[in-house]
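Generate coordinates for the entire structure from the input sequences, incorporating the hints supplied.
Quick mapping for you: the protein sequence lines, in order, are chains U and X.
Under the working numbering, the first residue of the first sequence is numbered 11, with each subsequent residue one higher.
Under the working numbering, the first residue of the second sequence is numbered 11, with each subsequent residue one higher.
If you're looking for bench data, these hints aren't it; they were derived computationally from the structure.
These numbers come from a predicted model, not from an experiment.
Treat the hints with care, as some may be off.
Since copy identity is lost for identical chains, a pair holds within one copy or between any two.
Heads up, simulated DSS-like pairs for lysine-lysine below, C-alpha to C-alpha not over 25 angstroms straight-line [as the list claims (entries may be wrong)]:
{"hint": "1", "residue 1": "K12", "residue 2": "K142"}
{"hint": "2", "residue 1": "K96", "residue 2": "K12"}
{"hint": "3", "residue 1": "K131", "residue 2": "K12"}
{"hint": "4", "residue 1": "K188", "residue 2": "K96"}
{"hint": "5", "residue 1": "K32", "residue 2": "K96"}
Listed here are the chains, written in short residue letters.
Protein chains: 2
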Amino acid sequence: MKLYDNNQAPNPRRVRMVLAEKGINDIEMMQIDLSAGGNLTPEFCVKNPFAKVPVLELDNGFCLAETGAICRYLDELYEGTCLYGKTLEERARIDMWDHRMALGLVISVAMGFQHLSGFFKDRMTPIEAWGKESVSNALKVLPILEKQLADNTWVAGSEFSIADITAICAIDFARVIKIRIGDEYPSIQRWYAAMQERPSYKA
Amino acid sequence: MKLYDNNQAPNPRRVRMVLAEKGINDIEMMQIDLSAGGNLTPEFCVKNPFAKVPVLELDNGFCLAETGAICRYLDELYEGTCLYGKTLEERARIDMWDHRMALGLVISVAMGFQHLSGFFKDRMTPIEAWGKESVSNALKVLPILEKQLADNTWVAGSEFSIADITAICAIDFARVIKIRIGDEYPSIQRWYAAMQERPSYKA
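Dropping the structure here:
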């Protein structure tokens, strides 16, 4: 299999962290240069008409896009740490927190970056007011995450899960919009330190 | 179990369509009035700190939020039509298209509505430029969906799936931002007519 990857964007890192957590090392990594428009070429758009990384190309040629779908597929395909939970209710709880981190944090942080930095202004119209609103929306998630991590070891509960991976990729990328986890969030800081201890953090 | 529902918003309809497709009729339906702020009360925010519907309250009191997590949980919990696929690769393909419809269509349509209608202006600042951009982003998905439905009976392939439910809820709600499926999209029209034939369409 081949993974179409980018080493600066937050979503491909979610997949690389899954690979690291599960000890998967038989996937060929292909770097796509987003600033040079490597995701906009006709060849790439055949693989993913939505022109986004990551994309996982299976050995039969099928191209699986969408970070959440790729991570879940890899979790099911490979043995090792289970990132999506075991019982039905545990799976649902992890799924809920993964959605909350993906929809509430990753998207808001990415919108903030795209609309404030002008990084993709060759291919989209940045709207500064929406960029600022997106930063504000991302910040509103932090008190909720703080409460959750005051009551639980990991984002979705007592087990490390895909929700931790989604959250850390959003929070690390949020540095580009000047969001830092300050001392008002001691539980997020405790969790962040635990995440940095994991080998997958460097993925 | 209880479902905190709203009969005008697109996301709760995704859950109601799952209930209808699977023939589930033992869930108590609780209507939350969004325009009156029924989702913003302290009581509701204990159930979902993100203050959104739908929420599925299990019999043990656990509150499951996030539409995608609720639909998947119900699909696994109840017998009947399988909406998330059977083989590993089929599940991944359905998951990909469900993500594409949720992230590419539902969110863009909802943003277009929220930022152009002023419906929630008591609790957010509508940004007209972002509303227009969101409508434009939703429209960009239609040619991709047209090609997919020219090659396949259903959104994710040859099987009816959750991706069809997510897509139809987005497309029907898109009427509020004046998006219609015109004659330039014959395959989407063919699929739309097939969706209307299903009893779950009225959910």
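Results for each hint:
1. K12 - K142: For K12 and K142, neither the intra-copy (36 angstroms) nor the inter-copy (37 angstroms) Cα distance is at most 25 angstroms.
2. K96 - K12: between (28 angstroms within a copy, 24 angstroms between copies)
3. K131 - K12: Intra 29 angstroms, inter 46 angstroms, cutoff 25 angstroms: neither.
4. K188 - K96: Close neither inside one copy (37 angstroms) nor across copies (43 angstroms); limit 25 angstroms.
5. K32 - K96: Cα proximity of K32 and K96: in one copy and across copies (16 angstroms, 23 angstroms).
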